[in-house]
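Got chain A sorted already, so can you dock chains B and C onto it with the hints?
Listed below, chain by chain, are the residues.
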Amino acid sequence: MATTSPIKIGVVGEAVLLRNVGKPEALTVDGYRQRGGYKALEKALAMDPAAITETVKASGLRGRGGAGFPTGMKWSFVPKDPGKQKYLVVNADESEPGTFKDRVLMEHDPHQLIEGSAMCCRAVGASVCYIYIRGEYVEAGDILERAIADAYAKGVLGKDVLGSGFQLDMVVHRGAGAYICGEETGLLESLEGKRGQPRVKPPFPAVVGAFGMPTVINNVETLCCVPHILERGPEWFKAIGTDERNTGPKLYAVSGHVEKPGTYEVPIGITFHELLDLCGGVWKGRALKAFIPGGASAPVLLEKDRHIKLDFDTLAKAGTMLGSAAVMVMDETASMLQVAKRSAKFFNHESCGQCTPCREGTNWLEVLLTHASHGEATVQEVDLVPIVAKQIGGNSLCALGDAAAMGVGPILEKFRDEIVAEMKEAAARGPVHGPAAHGVAGRPTLPVLHGV
Amino acid sequence: MPIVTIDDRQVEVDAGTNLIEAALGVGVQIPHYCYHPRLTVVGQCRMCLVKVEGMPKLQAGCSTQVVKDGMVVRTDTPDVKEAQRAMMEFLLVNHPLDCPICDQAGECALQDYSFKHGMATSRARFEDKRVYSGRERIPLGPSVVLNMNRCIQCTRCVRFTAEVAGTGELGFLQRGARAEIGTFPGRELDNDLSTCVVDICPVGALTSTRFRFAERVWNLDKKPSLCTGCDNGCNVTLEHRRGDIKRYKPRYNPDVNDYWMCDYGRSTFERYAELPRMLVPRQIKEGQRVPVSWDEAVDSFHHRLRGRTEGATMFLGSGFLTTEEAYLLAKIADHLGTPHRAVWVGESKPFHIPNTHGGITARDAAPNRRGAELAGMAPREGGLDAARLLANGAGDAGVLVVADSDFGPGAHDPETVARLRRARVLVVLGWADTPLAQAADLTLPVATHAEKEGTFVNGQQRLQRFRRAFPSTGEALPLVEVLATVLKKLDPSWQPATAGEVFDHMAASVPAFHGLTWKHVPPTGVPMPEARAAVVG
Amino acid sequence: MPAAARVKLDELRKLYPTERALLLPALHLAQKHWGGWLPEEAILAVAAELGLPPAEVYGVVTFYDLYHEKPVGRHRIRVCTNVPCMLRGSAELMTALGEALGVEENEVTPDDRCSYTHFECLGACEQAPMMMVDDTYHGDLDAEKVKAIVAGLE
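Protein chains in written order, with our numbering: chain A, 1 to 452; chain B, 453 to 989; chain C, 990 to 1143.
These are computed hints drawn from the structure, not numbers from a lab.
Since the structure is predicted, the reported quantities are computational estimates derived from the model, not experimental observations.
By construction, the Cβ of each residue, glycine as well, lies at the ideal position given by its N, Cα and C atoms.
Be careful, since some hints might not be right.
As the list claims (entries may be wrong) - The following label-pair restraints were derived from C-beta to C-beta distances:
| no. | chain 1 | residue 1 | chain 2 | residue 2 | range |
| --- | --- | --- | --- | --- | --- |
| 1 | B | Pro866 | C | Pro1060 | 37 to 43 Å |
| 2 | A | Glu303 | C | Ala1080 | 24 to 30 Å |
| 3 | A | Arg232 | B | Thr808 | 54 to 60 Å |
| 4 | B | Met571 | A | Glu303 | 58 to 64 Å |
| 5 | C | Lys1134 | A | Met73 | 45 to 51 Å |
| 6 | A | Arg306 | B | Lys533 | 39 to 45 Å |
| 7 | C | Arg1102 | A | Ile387 | 46 to 52 Å |
Excised from the complex, chain A in its bound form:
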């Protein structure tokens, strides 16, 4: 049973990751094989496990979940101790606002993920693989479970993978609605049956991970690249992209004010201008105001940045990030105040609450921006937003604090005057009291008497 989601994709050059989109026959082992699948796994099973890791290293593959950490290097951190139980946990929690590419991969090509995961397990010596999928992805989870059942039936999983003697169990583990479970240690806590509250690092998961054992955590798209790297060679992968540190085909999830939102597979490092073109440009013939290149955690970029290359290093140098490659586009009518406020609300809602700066800081950001949105903040309070953001970043227990700081602060820094003007307009329309005019606490705020 294929997905009911409408297919909204685009490809430049060859469709590698997206080659089975719209091809429901690929949902079975037999169909996937017929379309060229599981050859890479056979090849990997015949290799020395360490060689698999070296191949992935050589390809320059970097994590596609948000952090961009070199994948091969991460695998090599797993201790070689053969007696120890090891795990692969697939991070299918995909909750970064604007991101939907993993969902597309799982809905249309579950075996690509199964194959890449199996190859990782072989490389590091993991005998159990948990696919932690966000609870909201019910259909994708069902599709994965059916594919896994078929894989067991056809000997791709279980006691003797493809006759190699290698044992691998795989199971889908559904989350229950928490963005913080996309953070690798928050995910591990949730997998272990607890609140998804990130852990202190070190120790790192490669050494102490799921259930105290060495664990690799990789994003869905990252693992989907692995079969292709093994089959076609790391040089092929490296040849695609910007340079040897930004390699391979990349999925970009484009949303917002564009004609054709969707999942686009292009060589990594495409410029935003080119990508926007692929999407049919800004919708309704409007002008571009701003875009966020990598999910709600990425600092916003302006129209003047439109020719920037969307790869890890170029964006990092420009003070933002590729992150999950979720590109959100805003046209000239977009209210940057509302975007900032909605992002602040998101981070406040998703903060796990453990650490002081994130718990109190994200709440304060939402409160300040709500006051501004209702036209009853002072200009000093508007200017306080990036200051508070800077107090959160760098001090929190995990990266959510940094994400909140980066997602909200730069919007205020780059659109300050526009936001202040918008706030004054709202004030002129009359300040809002009642249930809408409060922060998280749920109490109405008094009107601010000193002028805006």
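Below, chains B and C without anything else, positioned relative to chain A:
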């Protein structure tokens, strides 16, 4: 052992020591809330952020360990101070301005760190402060009250009930800015150690039902003492205002009670105020119980002991006797040649206090049966034990000396009082004016344990010394003084008059105490050299 | 815990080293059985099944957005209002639902049929604005389409 440099000072520590502990070694106190040496490290509060050379971001001191030589740490850089200021600001955005009505004031980490590391002004709106409606004064159980608005979500209490008490009544609920601590609906926080969460709560979110609004902590005189609720011998800080004890808090002793004590123990001082005190010596003259002077009382006591009336002379003590008091009683009994000396002790609930060596569990409902028996208050051959003494032994007594007017329920129970009253002469020494005392021919008022010094030997054969917290009331005297005076009348060669002198005399003559000296009993106590006396240990 | 759930959990026990790791799956199963939400008895049943303190299980239940402590409608509607959907008109969907159902967000209609709430990014931004009805995503919506979908719910 690796050496770490903190603020230009070097210190050698065990590998694996975290920076908060290491810094104490050079006299630097890194501020922190969520860290506690007995709870898992969570690194949540972010108050302990410090600069570690070579690491770009500030590191949490609690979760950063010294593993090898060469680590260089600074706790005083502008970045560290800014982080501390920022954490304080964040905590005070929502924390209510409750200091004027909050128990914690004066012993509040939030106050202290705010003063030292925080800001003098607020940039947040007062009316935006988060409120947990209906959770401002929630009894979590019989011993602890929660004000969730004050909570700083450090989760010490949650980790305590899970890891130390092992009862898991508290959970960390909800998420983010709405996160709160609480029980499962309808269930209570009620275990033997419940009130410990009040001790470890850095702010006034958790308060003790017993101590709520009782006293401002800066009015309290704080003295080290021991709990007398059972034979665990937990070390406490006795906190009083002019002789009125307001609170016991556990005092750290890694060999006995670690950082903890039980709820019951915390209540035991209340007895001193609940029961009427004996303030002056009294004697029954012409059917009336009249006050007499100490001189007359001691003379009368001496005279009755000397006087060879019919029947045996018997001494009944309790587990509340100090070792020194017991020794003097035994010496008097020896001098009179009577085998009848015994210590009555009730059975305690098995209060268990965790520590790093498996913990301690109570058996006796009093602190010093062991010390008293080792010092000589166990019956000699042919002597009655406490049970028989209480049952019917008094009938054969010419003189029965009860050295504790509140030794247990018997002192209040008419039947037991009647049985003990069958002694021809009943002398009662004690602090409480119980029915037993009121039935006695002669009563001598003595100090409570808060008003004297002495030693107890706990259930783990540990000798601990405690000191006087405040002077006694009325004309009550320390029992050691009274007994020494009486013994000197019986035996003019007797010298030791203070608890210390008595202890050293005992250590020289009783094998169980050989090698110990009063002056050199360490602050955390000392294991008994060899507790091999014919006592149930 | 209902027998069917126990059977499922027994299968899962083979794949996890601890009882505690079964908590999220157990809560999902329990919630399905108890009509889409988790009353106290459900939480206690799960706690007993896995040998966990009720307060701990309660802490897990209240942490996650997909576990409901209060009754929900037979049909649960979640409208994404995060940035990409907001940019393409999610506010309109919320208003339409309010009009179609006659209740505020997080309230249940008097006939227990529906409840709705705004939600964070559901990972379907290419179909913005969108909403999730029970286990199904509905995208590329407007007020009219929302009302049509709601009308078809029983």
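Hints, one by one, checked against the model:
1. B/Pro866 <-> C/Pro1060: 37 to 43 Å: With a Cβ separation near 60 Å, B/Pro866 and C/Pro1060 fall outside 37 to 43 Å, so the hint is violated.
2. A/Glu303 <-> C/Ala1080: 24 to 30 Å: Holds - the Cβ-Cβ distance for A/Glu303 and C/Ala1080, about 25 Å, lies within 24 to 30 Å.
3. A/Arg232 <-> B/Thr808: 54 to 60 Å: For A/Arg232 and B/Thr808 the Cβ distance comes to about 58 Å; the hint holds.
4. B/Met571 <-> A/Glu303: 58 to 64 Å: violated (39 Å)
5. C/Lys1134 <-> A/Met73: 45 to 51 Å: holds (47 Å)
6. A/Arg306 <-> B/Lys533: 39 to 45 Å: Distance hint for A/Arg306, B/Lys533 holds at roughly 42 Å.
7. C/Arg1102 <-> A/Ile387: 46 to 52 Å: holds (47 Å)
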